[in-house]
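Listed below, chain by chain, are the residues.
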Amino acid sequence: MFASIVAFELRYQLRNPVFWVVAILFFLLTFGATTVEQIQIGSGGNVHVNSPAAIAQIHLILSIFFMFVTTAFVANVIVRDDESGFGPMVKSTRVTKFDYLLARFVGAAIAAAAAFAFVPLAIFLGSLMPWLDSETLGPNRAGDYLYAYFVLALPNVLLTAAIFFAVATMTRSMMYSYVGVVVFLVVYLVVSSTLRSKPELRELAGLVEPFGAAAFGNVTRYWTAAESNAMLPPFEGALLYNRLIWLGVGLLALALAYARFSFAEKGLSARAVRRQAKVAARLAASKPEIVAVLPPARPAAAAGARLLARARFEMAQVFKSPAFFVLLLIGLFNAGGSLLFSNEIYGTPARPLTFALIDTLRGSFGIIPIIIAIYYAGELVWRDRDRKMHEIVDATSLPNWAYLVPKTLAVTGVLVATLAAGMVAAILIQLYRGVTDISMGEYLRWYLLPESVDMVILAVLAVFVQALSPNKYVGWGVMVVYLVGTITLNNIGFEHPLYNYGATGRVQLSDMNGNNVGSALAWWLRLYWGAFALILAVLAHLLWRRGTESALMPRLRRMPARLADVPGVLIVAGLAIAGASGGYIYWNTNILNEYRTRDDVEARQAAYEKKYLKYESLAQPSTTDIKLAVELFPREQRMDARGRYSLVNDTGAPVTDLHVRVPDPDVKIRGIEVPGTKLVMEDAANNYRIYRFATPLAPGATTQLTFVTQRWQKGYRANNNETKVVANGSFLNNGEFAPLIGMSRDGLLTDRVKRRKYGLPAELRMAKLEDVKAQQRNYIGNADWVTSDITVTTDAGQTPIAPGRKVSDVTKDGRRTAHFVATAPILAFFSVQSAAYAEKSADAGGVKLTVFYDKKHGFNVDRMLAAMRSSLDYYRANFGPFQFDHLRVLEFPGYASFAQSFAGTIPYSESIGFLADNSDKEEIDYVTYVTAHEVGHQYWGHQVVTADMQGGTVLVETMAQYSAMMVMKNLYGEEKMRRFLKYELDNYLRSRGSEAIEELPLQRVENQGYIHYRKGSLVMYLLADRLGEDRVNAMLRDLIARYRFRSQPYARSLDLVNGLKSIARDDAERQLIADLFERITIYDLKARDAVISKLPDGRWQTKLTVSAAKNYADGKGKETPAAFTDSIDVGVFAARPGIGEFSKADVDLIERRTVATGVQVITLVTRRKPAFAGVDPYNKYVDRNSDDNVVAVTEG
Amino acid sequence: MLELAHVSHVYANGTRALDDVSLTIPKGMFGLLGPNGAGKSTLMRTVATLQTPSAGTIRFDDIDIIADPEKLRATLGYLPQDFGVYPRVSAYDMLDHMCVLKGIASAGERKSTVETLLAQTNLWDVRKKAIAGFSGGMRQRFGIAQALIGNPRLIIVDEPTAGLDPEERNRFLNLLVEIGENVVIILSTHIVEDVADLCPRMAVLAGGRIQLEGAPHDLIDRARGSVWAKSIARGELADVAAAHEVIATRLVGGRTIVHVLSDQDPGPGFTAVSGGLEDVYFATLATMRRAARPAAQNAA
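In the order they appear, the protein sequences are chains A and B. Read in order, the letters of the first sequence correspond to residues 1 to 1196 in the numbering used here. Read in order, the letters of the second sequence correspond to residues 10001 to 10300 in the numbering used here.
Isolated chain A, as found in the complex (with noise of 0.2 Å):
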């Protein structure tokens, strides 16, 4: 008996299309995690998407998400009977309560496991899909997905589906069980995140989160991503604990289920009997309306009412259904966590601003209102029949469009309903962190309208093809292939938005320069894809089903006849439009613009570097001099360049060829001049010119280029529009509209895939640090130090920027000229700026600071000059003096999200600093911290460069890091450190084991980000502290002074390490710096313990074990111990150091003291009270679990 009920039940739900639909929304959402890079879910990114890990984390938090789902199972097993009213006849059967309840469960429970193994199916898929990167997989290995299904996923099913269960039990109502999920999941996340705050708190986290998130997250926490792709904890501890009492609870929720539930109906209460009897009364009461002819029936009027009613019901019965419900609750929770999270840096929050928020809104939307279509269309089309209403609805006079209209109505409804959600979402969240201007206006134009129309754009094709599909899961099939379809099309090179339906192509958002980049394009789009719609919708029309009839052919062949009326005339006008339209974009897209897939763009590098790559090491004339004048015409995109480039021959030979090339396909030369040479080459779809002189160039000597260029953006492009040259908030380098000379290997193809599918080498080396004709070069695109005269001309209303002193600036027929001249050499890598731009603006000891900002991102313009003025006192007073008497900062539109130095100029993304909200005092400054590290770049770039080999970016990037780091620690103290290097700690461990190629040590670093930022941080600190500030500071004075504006040779990494070591006071010291610089050294410090007691003398002495370890690692991460000797901080604290309001009133005690290879134990005495007590407590060191450095004292 058991167990057939549970096979019934089963077949039941296998079934239903909810089993379906929400099989194939798991099914590509995680088939979109695995392989759209746009689409993360939990881990990813690091790691192989494959890997253990990911597969855990995707099995982990969809596994919570699916409660929803789960819950629409189990609660259907409650609530069906009564609905159906079949609920009596069983109930009477022999069945027992045992069987009927359990059996049930345990049917829709399976049916539920089911659903959820589209899951570790879709990873597998989607990670033989062939346009992956092979880099970012691992082997596919059945345990991982087996680990993750049965211990992690199915656990956390089971476990919702019995809560859920007798939740619906009790309430017996889908809407309540849904309220419950609501309830649960809000209390989860709160509970979860207060926990998830307090590391004291995480073994009891491990054990009482109900997912096993927690409990998964502690033992992997600080894995690297070496270790997440091959390991898996072991299902032992606090996981398995931790599996067995949720296991517990939710038996405990079936008991309490079977517990509740009765046979017997509830009976009406005396109260609902009388009210139904006075409702009967006067219902009984009223008289009808007799007349003794019906009125006849007129169709032909009747089109306006039938299409309002038609809408009003399809619509009603839409909203009223639980699908519908779930869906919203599912797309809600989804946004709701991108939202709040998105756009954070270093952990800090940005500021919800419209813009940010849609696009956020837009990215974690994206597949919702897909499924929507595609579900409701399937489920409206076919009501009628799955309702048995469609004989009489059929026989009716109601023409095919007020079937066909209302329901994609009513589908664009439902879509524009979770689009106004999502947008509630957004708004509340705003309104939570305190933005009270709500821009409705860049709402409804940004994206509820442009959404919208795509989204009736999207149901018309939905309902289309259901209306010629023979079945509703056939046509819902085809919508899924449509789907996947158009994901694929778009990854293997099929890109353009003439044929994928709906396209719309990428519009980018900006508060300086709206929806300027993009939107024409997709509102030209939407009417092309419209006037398709409209053709679909026409022949929807034509071909729609009626009564029982559900082959083709017969209205196939009515069709020709019926297209006579006005049918006719919408096709030949949808066609009209289409081809209009198309014809326009095509023009615009493919002949005044060219078009370029992603692999035209790819094949072109790689031709690039096969003809040209040559060149690289062939010495050309440096440029002494730069003079330009820069047109920019804002609204019309567009970019006329002018200039002469003074070059000297110091190669110390003759040159008889001058490599003269704009890399950006996007930059025509209009003329190229090189007095006494002549063009022998010139490749104009790469922009590659060689020239020759009639007489090779004599070492010293000169000569001069001239240029004429342009950049022109025409009507639209099919992707990649221009970002650079844009209405408001032009930004650009001089690599993107003026010569370059001689090639280098910027801009070349760098993904090792796809380097050999086009027969490169998989990767470049960068010259060895021994190299030493590599220090003839710079690593920033061998830029020599120039003087230079830019001026820029752009539209009067806004300020036009380039690097150097303004010394003029003059507004004349609508157009502001202004002209900048540098007074201390700069490189030749400079940009070039225009915006309507606010100023505000600081002195500092003869320095004009001055942030120029779009007004209505004015937040953070106060930091910025105050984190200016605090960097320019600290390097001056350190470094030595600054060269410019401006510096300044200069807001572009977020297309990028970094800040740049140039000369005395520094280019800052709306994205970033500007909309930080630092309100919370524990979060990073990082306004503070990107300010003063590009400020630090004015010395450690722009007086310093350094030579284009391995350690090249360690005297630029890492130096920047540490300036700023020196900078943050005078401002906020030492105590305050400990988060932010601890950020850049975890950032780095976690990046080490993405490495492709070999992790490098410090000094060898190949442009190796997670090195030359985040363990370069953590090393200058280290040594700052254990060398003494001041004395590495006027090593670095040294250094500066030595290598200040200086070209050939260039300044290397061993200059640095040199000069540390030479400041080195003994053996630890050296060895230190060695470690550090010259190996990739892992440490472990730990304190085990930590146990207090009270002196005779009233004092308190603090026994700490500290164990201590120290590795080498080689460059695929493998690693061997080594002993260690070393001086390291230790301390005892009134607070947790590096946690909330930590500050230096709460260290009791911190030196440093011996600690070695193996267990110890030291001795503290402080006056106060210790309660935490640890070694290394602010992690300066590189350690692989900085999180067990200190611990709670306890008391002996």
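The hints are simulated quantities; they were obtained by calculation from the structure and are not laboratory data. Idealized CB from N, CA, C, for every residue including glycine. Keep in mind that the hints are not guaranteed to be accurate.
[Said to hold, decoys possible] Not everything, but these chain B residues come out facing chain A in the computed CB check (under 8 Å): (1) 10048; (2) 10049; (3) 10052; (4) 10100; (5) 10103; (6) 10111; (7) 10128.
Since chain A is already given, all that's left is putting chain B on it; use the hints.
Below, chain B alone, put in the same frame as chain A:
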């Protein structure tokens, strides 16, 4: 006047549901009698434009139904054999919605239509109840109410009395008779009395073909003298069936009355029955089976 000429329909699975059906149906009630599976519903749906026949033409007055189904639908009332309802929708609201679908745009006209029909079908008191909770009879009455909206000139009711208790059935049929004078009503049924009581004209459809057509009286007259009855013990039935062509049996007071078909007196105990329509109907079915049997043998 509804005219069907050589209408045939073959389903995708090969079932020949209609086989060269030609009929002319004048104003008034027309009974279409036939056993289950005879093709009645196929014929009804075909006339109701819900299905396109494989061959043949159907005309209603000057409307070519196959080429121009929309025109017919504007003047059609159809009650299918089996229909479902939307959940949570009351009779009043559903009927109102049906008015819109049928093309009654003005709210006032809809109100009078809905209320008149609810009163006529005796559903006024339960108008606010969800149709999903209606009894079979109430649901059928709702079905006929919606079929009458907008004064259709052609009304098709497919097996409307199945499952109704006698009182419900009478009320239902009376309703049909009231409106049946000026329009064409096709009533399909397998219950002979429905036709006998109400329809001036009728046809018997079996095996996809029209087996018999005419006025019930004429048909009864024609059958006179060929149907014989005998009261037998229950155990004798097998013998009688072997010797005679039994068209119907009926239990009366514990004994079985058999009706057999025979041109002459079939023998002792048999008395000629004046014959009702039922006998005509059963005789027709029996004749058809007889005709089919040799054919089947020949085929074998």
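May I ask which of the numbered hints given earlier this structure violates, with the numbers listed in increasing order? As far as the earlier hints go, not one is violated by this structure.
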